[in-house]
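Trainee: Sequence:
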Amino acid sequence: MATILDKEVVKEALKELLREEPATFRALLKEALAEVKHADEEEFEQLLKNNFDRFQETFKALA
Numbered sequence: 001m002a003t004i005l006d007k008e009v010v011k012e013a014l015k016e017l018l019r020e021e022p023a024t025f026r027a028l029l030k031e032a033l034a035e036v037k038h039a040d041e042e043e044f045e046q047l048l049k050n051n052f053d054r055f056q057e058t059f060k061a062l063a
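Quick note: the sequence shown uses the numbering used here, first residue 1, plus one each step.
Calculated from the structure, these hints are not laboratory results.
C-beta atoms are modelled at their ideal positions from N, C-alpha and C, and glycine is treated no differently.
One thing to keep in mind: the hints can contain errors.
As the list claims (entries may be wrong) - Per label pair, the in silico range of CB-to-CB distance:
id: 1; residue 1: Asp6; residue 2: Glu31; range: 34 to 42 Å
id: 2; residue 1: Val9; residue 2: Ala63; range: 38 to 46 Å
id: 3; residue 1: His38; residue 2: Asp6; range: 34 to 42 Å
id: 4; residue 1: Val9; residue 2: Arg54; range: 56 to 64 Å
id: 5; residue 1: His38; residue 2: Leu17; range: 29 to 37 Å
id: 6; residue 1: Glu41; residue 2: Leu18; range: 25 to 33 Å
id: 7; residue 1: Asp40; residue 2: Lys15; range: 52 to 60 Å
id: 8; residue 1: Phe59; residue 2: Arg26; range: 43 to 51 Å
id: 9; residue 1: Leu29; residue 2: Phe59; range: 36 to 44 Å
id: 10; residue 1: Leu48; residue 2: Arg19; range: 37 to 45 Å
id: 11; residue 1: Leu47; residue 2: Thr24; range: 29 to 37 Å
id: 12; residue 1: Asp6; residue 2: Lys37; range: 25 to 33 Å
id: 13; residue 1: Lys7; residue 2: Glu41; range: 23 to 31 Å
id: 14; residue 1: Leu28; residue 2: Lys60; range: 43 to 51 Å
Stated by the list, open to error - In silico BS3-like pairs for lysine-lysine, Cα to Cα no more than 25 Å straight-line:
id: 15; residue 1: Lys30; residue 2: Lys49
id: 16; residue 1: Lys11; residue 2: Lys30
id: 17; residue 1: Lys37; residue 2: Lys60
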């Protein structure tokens, strides 16, 4: 069964982690940002691929 955490509890825990273990907090933040960036890059690559597939004949005609 999944446990639902109160956002305020998480927020306070993160603040405490920041005060007590700034290096750990920084590493966690970098990891989270890297995951978001990776997801955004994958989404962009898929969009780009879809557009090239969609307009393939047009690109060939222009070449």
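Trainee: Range first: 36 to 44 Å. Now tell me if the beta carbons of Leu29 and Phe59 are that far apart.
Mentor: Check passed, 41 Å falls within 36 to 44 Å.
Trainee: Does 25 to 33 Å hold as the CB distance between Asp6 and Lys37, or does it fail?
Mentor: holds (28 Å)
Trainee: Quick one, are Lys30 and Lys49 close enough, alpha carbons at most 25 Å?
Mentor: violated (28 Å)
Trainee: Within 37 to 45 Å or not, the Cβ separation of Leu48 and Arg19?
Mentor: Once the Cβ atoms are compared, 43 Å apart, the range 37 to 45 Å for Arg19 and Leu48 holds.
Trainee: Is 38 to 46 Å right for how far apart the beta carbons of Val9 and Ala63 are?
Mentor: violated (58 Å)
Trainee: May I ask you to test the hint 34 to 42 Å on the CB atoms belonging to Asp6 and Glu31?
Mentor: Distance hint for Asp6, Glu31 is violated at roughly 23 Å.
Trainee: Taking the CB of Val9 and the CB of Arg54, does the distance hold inside 56 to 64 Å?
Mentor: violated (46 Å)
Trainee: For the pair Lys7 and Glu41, does the Cβ-Cβ distance stay inside 23 to 31 Å?
Mentor: With a Cβ separation near 28 Å, Lys7 and Glu41 satisfy 23 to 31 Å, so the hint holds.
Trainee: So does Phe59 sit 43 to 51 Å from Arg26, Cβ to Cβ?
Mentor: Between Phe59 and Arg26, where Cβ atoms are some 45 Å apart, the hint holds.
Trainee: Does the hinted range 25 to 33 Å hold for Glu41 and Leu18 at CB?
Mentor: Holds: the Cβ-Cβ distance is about 28 Å, inside 25 to 33 Å.
Trainee: Look at the Cβ atoms of Leu47 and Thr24 and judge whether their distance stays inside 29 to 37 Å.
Mentor: For Thr24 against Leu47, whose Cβ atoms are near 35 Å apart, the range 29 to 37 Å holds.
Trainee: Given the hint that Lys11 pairs with Lys30, does the C-alpha gap stay at or below 25 Å?
Mentor: With Cα atoms ~17 Å apart, Lys11 and Lys30 stay inside 25 Å; holds.
Checked against the numbered hints given earlier, the structure breaks hints 1, 2, 3, 4, 5, 7, 15 and 17 and satisfies all the rest.
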